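Chains as they are written, first to last, in my numbering: chain A, 1 to 494; chain B, 1001 to 1406.
Rather than coming from a laboratory, the hints here were simulated on the basis of the structure. Owing to the predicted nature of the structure, the values given are computational and were not obtained by experimental measurement. Warning: the hint list may mix true and false statements.
Said to hold, decoys possible - Partial selection, computed: residues in chain A whose CB lies under 8 Å from chain B: (1) P226; (2) E300; (3) V318; (4) E321; (5) A322.
Positions of the beta carbon are idealized from the N, C-alpha and C atoms, including for glycine.
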Amino acid sequence: MPSLEDVSLRADVAAVVARLRTTLPAGALITDHNELRTYECDGLTSYRSIPALAVLASSAEQVRAVVAACAAERVPFVARGSGTGLSGGALPHADGVLLLMSQLRTVHEIAPQDQRAVLDPGVINLQVTKSAADSGYYFAPDPSSQQICSVGGNVAENSGGAHCLKYGFTTNHVLSIDLVTPEGEKVQLGTRAPDAPGYDLLGVVVGSEGTLGVATSVTVRLVRAPEEVRTLLAGFSSIDDAGAATSAIIGAGIVPAAIEMMDALAIEAAEAAVHCGYPDGAAAVLVIELDGPADEVAHEYLAVEQLCRENHAFEFRVAAEAAERALIWKGRKSAFAAVGRISPDYIVQDGVIPRTTLAQVLRSIEELAGDSGVRVANVFHAGDGNLHPLVLFDASQPGQSEHAERLSGAILDLCITNGGSITGEHGVGVDKAKYMPRMFTDDDLDTMQLVRCAFDPDYLANPGKIYPTPRLCGERPRVHVSDEPPALGDVELF
Amino acid sequence: MAIHDDLAGACSHLRGAGPGDAVDGVDPQWVVSPSTTAETAEVMRICARHDLAVVTRGHGTKLSWGRPPTRVDIILETTRMNQVVEHVAGDLVVVAQAGLRITDLEEHLGRADQHLSLDQPAAGATLGGTVATATSGPRRMGTGSVRDLIIGITMVRADGVVAKAGGKVVKNVAGYDLAKLLTGSFGTLAVITQVAFRLHHRPLSSRWVHRSVTDVQAARATVARVLHSQVAPVALEVDWPLDGPGRVAVLIEGAPAGIDERAHGVAALLGGDTETADDGPPWRAVYPWTADEVALKLTTQLSSVPDLLSDARRHGVAVRGSAGTGVLYGALPGDVDAGTAGKAVTALRNACVATGGSLTVLDAPADLKAGLDLWGEVHGLALMHQVKDQFDPGHRLSPGRFVGGI
Ligand SMILES: Cc1cc2nc3c(=O)[nH]c(=O)nc-3n(C[C@H](O)[C@H](O)[C@H](O)COP(=O)(O)OP(=O)(O)OC[C@H]3O[C@@H](n4cnc5c(N)ncnc54)[C@H](O)[C@@H]3O)c2cc1C
């Protein structure tokens, strides 16, 4: 246990340590530099910052005590779930406390009769489905990182997944949370039934990226497993055809559980990594999953096959058994990591466009890439227009990092000019705060800050994330927004 | 006359309020009907300058819900803002002004075989009013409630500042989700002038399968079988009048070729004598109350819905609603005395709260309402006050109508 005399600690952080000494077991407070270093970044490794103190919480009450101590000493704090976030949301504050939620892993209740699960925030996403599977239920939000990411992180990011086209995002599946507010109070938001009286604060907190407090308990809806699931793979000779097939399927009134698209470069990477056996020579594949009552799926299947063929699918396969289905999904879910096989460095982008602009936007991305000499692999949730362009580059080549960075930004501009969003599921974090003023006016951002001021008047909860240069609470609206990256203490930018 | 002149300068559609404009018994002075967000902003700036209290009104279908306002100077009517701004059928998204009637929107969307999947129960309701009161119907089980379908919002704040949140794409996590914050806020945070919704295709075909059930045990078994089945119901509704048998109804949708087989499957699941029809039973998506009754909203965890049915009947409350989501509506006769009403509300609220839900008195005759606790204990009330104070520090937006005197 660090002592008050620990000279390396700032005075305010030392005061936090002093306050926690009686409530937390020895060993829960981490000040060792090497140990702290393991938490210096999340899944977005280009931003790194070492926290002043990390606390390994093992109960909700401990979380509350830590936040209360931070509030009393005006020390910023950042919650960290599994650290898989891709926007730097869990990037520590150099002068603050990093709250590690990973020990809070108890599944408290699986109640199939109420279609509900009560979870600790550190519970791994996939664990929820595993716990509910025997009773015929599952947790619908399924980010590709579901084997490692935490439900607390899902709540903070409002995470999606391949199946959110039909089943919605995390926000549609959370009934209530216990929140420790940035002032150190514990409140329950929402109830076990929908439509709790009063403002829908739960709706604002979900997706607020840890800036409105720390979730210490999460109650989610469980979904009945479908009677039938069919996973299809369609190969196309052009991206336009695959895009047209997607539009045709949606336009026919079919809501597949998922429609995912990968282009030739992404397929190449996935093949190299996991040998998923996608159609040879495809310029694009669609992974389509239909689920529901068997009769309904059978009819949808016929319609989807016809629509794919009408849009020139040269190959159309249905997974005959579970292993084949798993392999099709493995190709898709491993795609991010797989591009590491074909490129030394890459940026995972996340943007949204209206589905009808898909073909045109993809063409524009291709042109931009051509101009800059950087390659782009596309993997995305085609059904809802959520693009994940993977910008491939070689940092050892002079100028390539800058080209990649610029292209990645230009893709977000394309999303905005086409009426979309700068993030569909990975969040704004520290990475995209500078793009917020391109999507929102000063007045929009100031209005969002009103919520922040209500929850966190001292600006201690994950400061520097989401919003560039937020005004101080109680201040008159600012006149100017700077394009500077947010202040984060001693952030090292790699 | 300075106020009148300022208002008239901001918006030409200004008139003195009449008896029909009272909000739950409280008389305003003026009614102003701006046609655009910009005009609304101008009006709100003037209201801020003159410290005027504002109640926003659509078609006024739910204007008496909640507490009577502590004061009202201006009725800000949204009904001139009644345009579809953008409907891109291929994206299944619509952007529309807040004063548009849902029925008019549906007519527009119907041309593209699409709809806003809400089953709004109040006839004539506007989009803005539906959002502000968070009213959803039976289909919420399958496609979600207002908060799940709204994807973007434009608002005018108490100080006249125009702000938006969300956008017009279904998937979007940029910035705080203020659309959800304003959903169900009863006009106490800002004036909603424009909203964006995700849409659904009109079902290719649909069937309602329903049966009567004589007692709560039968209802319990029937509802549980449907809930835990794999028939993928879009709605699971119950109707539980004060006496006689209740009814359970299931809506399924899908390809015409398979729908009848599926309906047979649902009928077998329900058991007993079932009826199957393309249209729902007349009581679905209709509130159980009449104008002079006490209107209740009761929520509970799913497995406790049947218990709530019998509790309600015992306390003289007829209920109906979504057994598939645990959200029911109840009617208590308006001619009961205050003591009886208070007892029924307390007893049923305790039952709801004990099973993870809540009870809200939406509306009641004035004399009864004054004596009733409309919301019970509200979790997070302190935070709600703080949010209100940030958005409307002068407490001029529908003051006093909402939880905790907000
Ligand atoms: C290979 C890969 C694939 C991915 N695929 C997807 C995908 O398909 N869809 C998708 O949406 N995301 C995806 N992600 C991103 C990421 O996994 C999600 O954002 C996930 O929800 C983060 O969870 P986490 O536990 O790792 O959170 P962290 O990264 O630890 O934290 C994320 C944010 O949540 C906050 N936070 C964490 N716990 C709490 C808490 N208890 N209370 C309050 N705030 C908290 C943090 O402060 C931070 O702001 C992917 C990431 C990787 C690496």
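Self-check item: Supplied contact hint for E300 (chain A), tested at 8 Å Cβ to chain B
Solution: 7 Å, holds
- Can A322 (chain A) be said to touch chain B, with a Cβ gap under 8 Å? 18 Å, violated
| query | How about V318 (chain A): closest beta carbon in chain B under 8 Å, or not? | reply | 18 Å, violated
Hint validation: E321 (chain A) versus chain B, beta carbon distance must be below 8 Å. Holds or violated?
20 Å, violated
Hint validity - P226 (chain A) Cβ closer than 8 Å to any chain B Cβ: With a minimum Cβ separation of about 6 Å from chain B (threshold 8 Å), the hint on P226 (chain A) holds.
Going down the numbered hints, you'll see the structure goes against 3, 4 and 5, while the others check out.
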